[in-house]
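Colleague: The chain contents come next:
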Amino acid sequence: MNAPDRYERFVVPEGTKKVAYERDMKVMNAGAFTIQREDHTVGNVVRMQLHRDPNVLFAGYKLPHPLQYKIIVKVQTTSQSSPIQAYNLALSDLDKELEHLKRAFESEVAQRQTDYY
Amino acid sequence: MEASYQRFPTVRIRDLKDDFLKFELRDTDASIANALRRVIIAEVPTLAIDLVEIEANSSVLNDEFIAHRLGLIPLTSDKAMEMRYSRDCDECDGDGRCDYCSIEFTLSVKCTSEETLDVTSHDLQSSDSQVVPVDSIGHDPDIENFNQKKGILIVKLRKGQELKLRAIARKGIAKDHAKWSPAATVTFQYEPDIHINENLMETLSVEEKREWVDSSPTKVFEINPETQQVEVIDPEAYTYDDEVIKKAEAMGKPGLVEIYGKEDSFIFTVESTGAIKAAQMFLNAIEILRSKLDAVKLNFGSDEADEQFGDLGAHMRGGF
Numbered sequence: 001m002n003a004p005d006r007y008e009r010f011v012v013p014e015g016t017k018k019v020a021y022e023r024d025m026k027v028m029n030a031g032a033f034t035i036q037r038e039d040h041t042v043g044n045v046v047r048m049q050l051h052r053d054p055n056v057l058f059a060g061y062k063l064p065h066p067l068q069y070k071i072i073v074k075v076q077t078t079s080q081s082s083p084i085q086a087y088n089l090a091l092s093d094l095d096k097e098l099e100h101l102k103r104a105f106e107s108e109v110a111q112r113q114t115d116y117y
Numbered sequence: 001m002e003a004s005y006q007r008f009p010t011v012r013i014r015d016l017k018d019d020f021l022k023f024e025l026r027d028t029d030a031s032i033a034n035a036l037r038r039v040i041i042a043e044v045p046t047l048a049i050d051l052v053e054i055e056a057n058s059s060v061l062n063d064e065f066i067a068h069r070l071g072l073i074p075l076t077s078d079k080a081m082e083m084r085y086s087r088d089c090d091e092c093d094g095d096g097r098c099d100y101c102s103i104e105f106t107l108s109v110k111c112t113s114e115e116t117l118d119v120t121s122h123d124l125q126s127s128d129s130q131v132v133p134v135d136s137i138g139h140d141p142d143i144e145n146f147n148q149k150k151g152i153l154i155v156k157l158r159k160g161q162e163l164k165l166r167a168i169a170r171k172g173i174a175k176d177h178a179k180w181s182p183a184a185t186v187t188f189q190y191e192p193d194i195h196i197n198e199n200l201m202e203t204l205s206v207e208e209k210r211e212w213v214d215s216s217p218t219k220v221f222e223i224n225p226e227t228q229q230v231e232v233i234d235p236e237a238y239t240y241d242d243e244v245i246k247k248a249e250a251m252g253k254p255g256l257v258e259i260y261g262k263e264d265s266f267i268f269t270v271e272s273t274g275a276i277k278a279a280q281m282f283l284n285a286i287e288i289l290r291s292k293l294d295a296v297k298l299n300f301g302s303d304e305a306d307e308q309f310g311d312l313g314a315h316m317r318g319g320f
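Chains as they are written, first to last, in UniProt numbering: chain A, 1 to 117; chain B, 1 to 320.
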């Protein structure tokens, strides 16, 4: 009766932004990104990549409630960088890594096919 | 600002068949391996029957029961990645029935003989020859359907019973309903790193070695018949139960063996239902994960960004 529709898990409703950023009022160089309609798949990957950045002092994510389909990623950086910079850098590094993985996999598959002939 | 903390993953395929893929993924993080696993199971799009209009049904199963079973039939979904979702389709105003976003199926069967008629997925006629129910071939030599293509059984009919319906198949993902999942099972394990302390092993008698080797529920170790030494014969059979470690401690020899899972080395097993080939499923998953990460980027320089940040430009640029 109270369960949300299944498509709510991935369809962003009209008028809501996919990502929103809020500066942290109390701490310098810190902020929280609220990402709508995503879950651990994206949250954990972004968080682990943020940890690799030496300018990032704090990075964590949570799902405030399992029936509310959003994640909050909290980032704090040194003054050499900013949360938004670190976040975008992490995302672009992940994109490059996945592209590298895709090419490596495709070439392995192609090699396998040629090995048969 | 050209720093990059990118990793460079490597892949080595061990086994590649149409519906089964086993490979090693190295030099990447567990979060990526897990994200890929989650995306393969839940977010790779396929096609499945989503709307059923029943004209006649005098079988023993009721309408919604049959509709449910039809939805679960896997359909060959190679064109799923290019198709549009029904809700996004402008051609048909979201009606969900045009050529760009849906495939139509018909089923029309009546039992006229005294024998029971099996209505299978072979009886489903598709409007598109590329999208048909997946055919499975019997694998068990003891059952009579060995090496024959057998369709998926939908319902059985007696003489005089009839089933006539139209069905629309649409693109979807398993997050919406599990019928859209292309994966049978997807697993990954950490590759084990096993070190036997040879000095301590020397202090064991052959019977003690045999006892220790047998304490493992899976066959990881074996005693070499010639040298009487304990060897690792199948490290990947290790299931990270600590039975051998507990046995070593019980025998009074702690530290006899050290076993760790390598943190950046994974062995993936991907099995498909037949809707999409296993290797193609993995490639689709990478693309989908990339587009998810792209959707999550924060764009500055757009109107929204100015509105949100405005004079926080200094904060954005790193506090200078």
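These are calculated hints, taken from the structure and not from any lab test.
A virtual CB, placed ideally from N, CA and C, is assigned to each residue, including glycine.
Possibly wrong hints are sitting among the right ones.
Here are the simulated lysine-lysine pairs, BS3-like style, with alpha carbons at most 30 Å apart [stated by the list, open to error]:
#1 B:Lys247 with A:Lys96
#2 A:Lys18 with B:Lys297
#3 A:Lys102 with A:Lys62
Here are the in silico distance ranges between beta carbons for each label pair [stated by the list, open to error]:
#4 A:His65 with B:His68: 23 to 33 Å
#5 B:Glu82 with A:Lys26: 40 to 50 Å
#6 B:Glu208 with A:Thr34: 57 to 67 Å
#7 A:Glu108 with B:Leu200: 36 to 46 Å
#8 A:Arg9 with B:Glu82: 18 to 28 Å
#9 A:Glu108 with B:Ala178: 28 to 38 Å
Facing chain B, from chain A, some residues (calculated, C-beta under 10 Å) [to be verified]:
#10 Glu14
#11 Met48
#12 Asn55
#13 Lys62
#14 Glu108
Colleague: Return the numbers of the hints above that this structure violates; sort them in rising order.
Modeller: 1, 10 and 13
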